[in-house]
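Chains as they are written, first to last, in the numbering used here: chain A, 178 to 500; chain B, 178 to 500; chain C, 178 to 500.
These aren't lab readings, by the way, just hints derived from the structure by calculation.
Do not take every clue at face value.
Copies of one chain are not kept apart here, so a pair can be met inside one copy or by any two copies together.
What the hints assert, rightly or not - The calculated SDA-like cross-link candidates involving lysine to any residue, where the alpha carbons are at most 20 Å apart (straight line), are:
| no. | residue 1 | residue 2 |
| --- | --- | --- |
| 1 | Lys345 | Leu441 |
| 2 | Lys345 | Gly188 |
| 3 | Lys414 | His443 |
| 4 | Lys224 | His310 |
| 5 | Lys414 | Asp277 |
| 6 | Lys224 | Gln492 |
| 7 | Lys224 | Ser256 |
| 8 | Lys414 | Thr274 |
| 9 | Lys339 | Glu425 |
| 10 | Lys345 | Glu219 |
| 11 | Lys414 | Tyr394 |
| 12 | Lys414 | Asp340 |
| 13 | Lys414 | Ile264 |
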Amino acid sequence: MKNNLQLDEQGRLRHFLTIEGLSRPLLTEILDTAESFAGVGERTVKKVPLLRGKVIANLFFETSTRTRTTFELAAKRLSADVLNLNISTSSTTKGETLLDTLRNLEAMQVDMFVVRHNESGSAHFIAQHAAPHVSVINAGDGRHAHPTQAMLDMFTIRRHKKDFSQLKVAIVGDLLHSRVARSQIAALNTLGVAEIRCIAPRTLMPGDIRSCGVHPYSNMEQGIRDADVVIMLRLQKERMQGAFIPSEHEYFRLFGLTGRRLELLHPEAIVMHPGPINRGVEMDSQVADGERSVILQQVTYGIAVRMAVMSLCMQSSDRGGEA
Amino acid sequence: MKNNLQLDEQGRLRHFLTIEGLSRPLLTEILDTAESFAGVGERTVKKVPLLRGKVIANLFFETSTRTRTTFELAAKRLSADVLNLNISTSSTTKGETLLDTLRNLEAMQVDMFVVRHNESGSAHFIAQHAAPHVSVINAGDGRHAHPTQAMLDMFTIRRHKKDFSQLKVAIVGDLLHSRVARSQIAALNTLGVAEIRCIAPRTLMPGDIRSCGVHPYSNMEQGIRDADVVIMLRLQKERMQGAFIPSEHEYFRLFGLTGRRLELLHPEAIVMHPGPINRGVEMDSQVADGERSVILQQVTYGIAVRMAVMSLCMQSSDRGGEA
Amino acid sequence: MKNNLQLDEQGRLRHFLTIEGLSRPLLTEILDTAESFAGVGERTVKKVPLLRGKVIANLFFETSTRTRTTFELAAKRLSADVLNLNISTSSTTKGETLLDTLRNLEAMQVDMFVVRHNESGSAHFIAQHAAPHVSVINAGDGRHAHPTQAMLDMFTIRRHKKDFSQLKVAIVGDLLHSRVARSQIAALNTLGVAEIRCIAPRTLMPGDIRSCGVHPYSNMEQGIRDADVVIMLRLQKERMQGAFIPSEHEYFRLFGLTGRRLELLHPEAIVMHPGPINRGVEMDSQVADGERSVILQQVTYGIAVRMAVMSLCMQSSDRGGEA
């Protein structure tokens with residue numbers, strides 16, 4: 178997997194596939210650009226003409242109304258035209274057919290693909306084969322990565338904490354299957370946080386997690402103590418009913434974020450969750466709706482971050498087109 | 178159910194949930210505003226820039242391509258951006274989850290929700306919990322209300338009859354299950370028509386119908402005699418096959434509008450139907466397509482009325498946001 | 178079937194339903210107009226304001242994401258508003274109901290219908306009953322016609338070959354069931370190509386094919402010899418498993434386009450296919466992706482051709498509206 182696939186010859190963002198391989202200045206540029214868009218949603222006219230006349234295709238091989246909606250809104254706020262294409266993976270099981278689909282959309286002069294796929298590496302595959310004028314944004318591929326989610330988390334943290342270098346960040350939940358967690362850990366490391374802790378039942382903790390530069394914990398109380406930021410991962414329904422955890426109730430007892438556990442955190446800690454929350458499983462409602470929670474701000478910032486990634490990639494591919 | 182939920186502190190329309198509780202001046206303001214939009218659809222450029230940069234989400238928990246299309250067109254003619262979200266009720270059976278969906282869309286800075294739901298009171302529930310900057314429009318909730326349909330009916334009547342005060346209006350059909358009829362009766366009463374008659378088989382007539390200030394009839398000929406306006410309700414397929422009516426054929430024989438029955442009406446009477454028509458059940462084709470029928474005008478006026486309601490609510494919520 | 182249904186009183190294009198009955202100057206006007214749009218997709222802002230404020234409804238009674246997408250893109254590049262309506266034919270089996278659907282959309286002041294239907298003649302039926310201000314474009318009806326596909330093929334040929342009059346064109350595949358082939362033959366004849374050859378297994382060759390002014394071949398090598406243009410038709414999956422051909426493998430052996438067979442063509446011949454390709458059935462991948470193939474250019478030109486047809490029809494109906 179070539180990570181420099183994401184960068185053009187001038188080292189600017191061309192595709193946005195994964196956090197890995199991106200430098201701290203580049204992640205900071207994304208956050209700064211998002212900052213410039215953060216006010217657009219509060220204006221009377223929630224639009225900037227930056228991508229007027231560009232066509233962005235939401236290429237969703239896996240249904241996700243929520244994620245699709247955030248990308249659609251981001252594109253529309255940039256004045257782009259949006260095509261929503263839900264493609265059943267059954268009709269494109271052969272890589273060859275996927276490439277034909279890609280070639281066709283390129284021939285229609287689509288400028289950008291936002292790709293969601295249940296197989297890891299799909300967005301890379303598409304980016305590797307994309308025409309020079311096209312950018313690819315990964316909107317979640319299998320267990321691999323969900324980089325815009327990670328960047329909106331970083332944006333949320335920076336808005337509340339300013340400086341990354343002193344932070345203790347705890348990530349709690351199904352680290353084994355989470356594409357979000359992988360992307361978050363990469364981003365936190367690149368941005369230079371002081372300490373990353375990963376908290377999970379042993380069945381949901383990757384064996385090689387230490388190699389990512391994080392501290393694993395199987396005890397919630399120990400893991401979250403004095404944390405400045407707690408990121409709760411979503412527990413997928415299919416894990417709940419499997420052999421990974423004994424029961425939802427037991428999971429909540431051991432790893433759920435409660436008002437009592439909040440007291441263990443740093444007094445100004447923030448609580449994050451990518452949504453949608455399973456209330457009473459990952460956290461109770463008082464925490465979800467409480468003053469420490471920045472969960473809805475994450476959603477708001479997500480639009481600005483996606484606008485930033487889209488506009489940066491489009492700049493690069495435009496420039497590439499002229500070279 | 179607080180009806181003043183629909184009004185802001187200055188008594189202006191903030192949500193549009195039900196006709197009940199709205200004053201005659203307010204209904205008249207909606208009709209007058211719709212009048213100003215009625216010409217937009219006939220222009221070469223069918224757009225006004227009034228809601229440019231606003232985001233309107235069609236939140237349909239119940240599929241209705243027809244209704245969704247009219248709201249989508251109204252929003253686009255006002256230059257708003259439209260999000261179409263079809264949400265299966267199975268995924269939001271818990272009120273909690275519905276609220277989380279709402280909070281998420283609010284966090285994405287959606288300005289207005291057009292809500293369609295098969296449960297009565299859903300639009301009220303969402304409006305009660307909506308953020309201050311958000312407006313909710315009821316596009317049909319269970320048996321309860323369908324207020325934009327009622328207002329487009331009022332607009333159609335006013336276009337043809339000018340003055341409400343002298344009118345005899347007959348509503349024919351399944352009054353028991355009809356959300357449209359409830360809204361129509363409320364609007365006709367508020368606008369001060371002379372007489373409202375309700376005509377239905379006994380099995381489809383609500384027991385307390387007199388309390389709405391209407392005259393019930395189980396005989397079609399008696400009910401429609403000298404009427405200025407006849408509103409035929411749509412018979413839902415599920416009623417036709419149930420115990421409510423003996424058969425479609427029998428229903429048509431007793432309550433269907435035929436050329437012969439038209440002769441009983443006032444010579445300048447108009448015939449209305451919310452569509453889609455079951456030809457040969459509610460009326461025969463000669464009536465549906467005849468010169469008394471204003472059924473297709475209702476559709477045209479429906480766009481203008483929805484534009485009116487959307488722009489009035491948006492004005493109010495804007496103002497509320499500044500306060 | 179009245180073909181002059183397609184023309185207004187001044188002989189200009191009002192609907193676009195079939196190639197049959199259209200004159201060479203009119204087809205040439207479509208190609209010339211498409212030429213003027215061919216550059217729009219390469220601009221930074223891929224839009225012209227020609228149809229701003231117009232509403233185009235994609236009325237698809239048969240799902241075709243690919244075709245729908247090309248029309249949606251063409252409409253958006255012309256700045257029109259687009260309504261996507263997928264209508265199950267089950268709900269409109271009665272012609273009467275289809276007309277009611279049509280009347281309703283007309284009442285909403287939709288300006289143009291792009292119709293896809295699995296029954297031959299559907300687009301004509303809708304055009305016959307459409308209101309004077311409405312244009313109908315056939316996006317494929319049963320086995321009958323797919324005229325925009327044929328015109329994008331003509332555009333592709335003209336771009337590469339300039340002059341139609343000297344050309345030998347071979348069409349290969351399921352001529353019996355192909356709506357594309359019927360439209361292509363009509364267009365090629367009208368534009369005056371020197372020779373049209375049709376190549377198919379006997380089971381897939383219409384009995385009366387000679388009456389179309391073409392030369393039938395059941396031998397691939399003989400049919401394609403010295404051809405300037407080879408148009409491969411798509412073999413529908415349902416034919417492959419039926420009694421029409423012995424097997425995909427056998428079909429490819431007898432009629433598949435291979436590198437070896439390419440050598441039989443004129444040295445500057447081009448290879449076309451409407452897509453999506455069944456690789457290894459109609460042609461092998463070296464041919465599909467090789468230097469003779471103009472398959473992806475067909476897709477690109479398809480947007481320009483659809484923009485041309487839409488804008489020409491809209492001009493006519495506007496003029497009709499003023500008369």
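These are the hints, each one checked on the structure:
Taking identical chains as interchangeable, the C-alpha atoms of lysine 345 and leucine 441 lie at most 20 Å apart only when both belong to the same chain, with a minimum of 13 Å there against 71 Å between chains. With identical chains, the CA atoms of lysine 345 and glycine 188 are never at most 20 Å apart, being 30 Å at best within one copy and 50 Å at best between copies. In the homo-oligomer, the alpha carbons of lysine 414 and histidine 443 never lie at most 20 Å apart, since the shortest distance is 31 Å inside one protomer and 61 Å across protomers. For the identical chains of this complex, lysine 224 and histidine 310 are inter-copy neighbours only, at 17 Å across copies versus 24 Å inside a copy, given an alpha-carbon limit of 20 Å.
In this assembly of identical chains, the alpha carbons of lysine 414 and aspartate 277 lie at most 20 Å apart only when taken from different copies (17 Å versus 34 Å within one copy). Taking the shortest alpha-carbon separations for lysine 224 and glutamine 492, both the intra-copy value of 18 Å and the inter-copy value of 19 Å come in at or below 20 Å. For a Cα distance limit of 20 Å, the shortest separation of lysine 224 from serine 256 qualifies both inside one copy, at 6 Å, and across copies, at 12 Å. For the identical chains of this complex, lysine 414 and threonine 274 are inter-copy neighbours only, at 15 Å across copies versus 31 Å inside a copy, given an alpha-carbon limit of 20 Å.
In this assembly of identical chains, lysine 339 and glutamate 425 lie within 20 Å of each other by CA distance neither inside one copy nor across copies; the values are 35 Å within and 63 Å between. In this homomeric assembly, lysine 345 and glutamate 219 never come within 20 Å of each other (Cα to Cα): the closest approach is 31 Å inside a single copy and 49 Å across copies. Taking the shortest alpha-carbon separations for lysine 414 and tyrosine 394, neither the intra-copy value of 23 Å nor the inter-copy value of 54 Å comes in at or below 20 Å. In this assembly of identical chains, lysine 414 and aspartate 340 lie within 20 Å of each other by CA distance neither inside one copy nor across copies; the values are 35 Å within and 59 Å between.
Proximity of lysine 414 and isoleucine 264 under a CA criterion of 20 Å is satisfied inter-copy only: 19 Å between copies versus 23 Å inside one chain copy.
Violated hints, in rising order: 2, 3, 9, 10, 11, 12; the structure is consistent with all others.
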